[in-house]
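Protein sequences, first through last, are from chains V and B. Heads up, the first sequence is in the numbering used here, so the first residue is 1 and it goes up one at a time. Heads up, the second sequence is in the numbering used here, so the first residue is 1 and it goes up one at a time.
Simulated from the structure, these hints should not be mistaken for laboratory data. Just so we're clear, the structure is a prediction, and the values are computed from it rather than from any experiment. Treat the hints with caution; some may be incorrect.
What the hints assert, rightly or not - FRET-style restraints, in silico, Cβ to Cβ:
no. : chain 1 : residue 1 : chain 2 : residue 2 : range
1   : V       : Glu67     : B       : Thr80     : 40 to 48 Å
2   : B       : His115    : V       : Gly14     : 38 to 46 Å
3   : V       : Glu56     : B       : Thr20     : 30 to 38 Å
4   : V       : Lys22     : B       : Pro41     : 16 to 24 Å
Built from N, CA and C at the ideal position, the CB exists for glycine as well.
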Amino acid sequence: ETGVTQTPRHLVMGMTNKKSLKCEQHLGHNAMYWYKQSAKKPLELMFVYSLEERVENNSVPSRFSPECPNSSHLFLHLHTLQPEDSALYLCASSQDRSWAAQYGYTFGSGTRLTVV
Amino acid sequence: AQKVTQAQTEISVVEKEDVTLDCVYETRDTTYYLFWYKQPPSGELVFLIRRNSFDEQNEISGRYSWNFQKSTSSFNFTITASQVVDSAVYFCALSGRSGGSYIPTFGRGTSLIVHP
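Put together the whole structure using the sequences plus the hints.
Shown next as structure tokens:
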């Protein structure tokens with residue numbers, strides 16, 4: 001247990017479905033992140049939240065919609081996804097953004113998403 | 001711009017062999033931080049070590065050791081007497097303050113397979 005919990009661990013969804021990924025941390029961290037890990041590609045940063053405010057959005061398609069209702073929870077809402085969106089989606093947290101630069105992240109175990 | 005290169009995509013060894021994972025980086029920052037993470041089959045990236053650019057001392061932690069050389073912009077990771085439990089994907093990462101962003105840049109990862 002890293003202190004960052006992601007649910008579900010596995011998700012299979014059709015292209016017309018709507019689903020949500022959940023991330024929860026009880027580390028008292030103020031920054032949370034969504035990363036996408038595809039086969040044979042580098043980790044791709046999707047979104048950064050700092051104190052519940054979205055501070056970065058790296059040109060992610062609108063079919064991915066993040067939500068951070070409080071500093072402990074982060075969601076990724078999914079709708080009308082494409083097969084190429086199949087990947088491992090990792091959530092991470094850090095004390096704050098500058099802390100992450102110096103001390104690294106705490107990652108969750110990820111949600112393995114398959115779009116059919 | 002920051003860049004991290006892990007030229008070894010996959011390494012296969014037999015248990016008890018020593019193995020070195022290479023990491024070469026590029027950055028214009030004078031202050032920066034380097035990391036190694038381990039991603040076992042369970043999915044989460046586990047923090048292993050952090051190094052700042054002013055500390056070139058090599059570090060040893062049990063069977064793990066790290067060799068940081070600014071002259072060659074490398075931060076290599078050696079596992080001595082490898083074990084099957086070391087099988088995982090290992091990521092090298094770099095963060096600095098390029099353009100005011102603290103977001104780490106990850107390498108593509110090296111998959112280490114340790115055979116019994």
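Results of checking the hints against the structure:
At roughly 45 Å, the beta carbons of Glu67/V and Thr80/B sit within the given window of 40 to 48 Å. For the pair His115/B and Gly14/V, the supplied restraint of 38 to 46 Å holds, since their beta-carbon distance comes to about 39 Å. About 34 Å separates the C-beta atoms of Glu56/V and Thr20/B, a value consistent with the hinted range of 30 to 38 Å. In this structure, Lys22/V and Pro41/B meet the distance hint of 16 to 24 Å, their C-beta atoms being roughly 22 Å apart.
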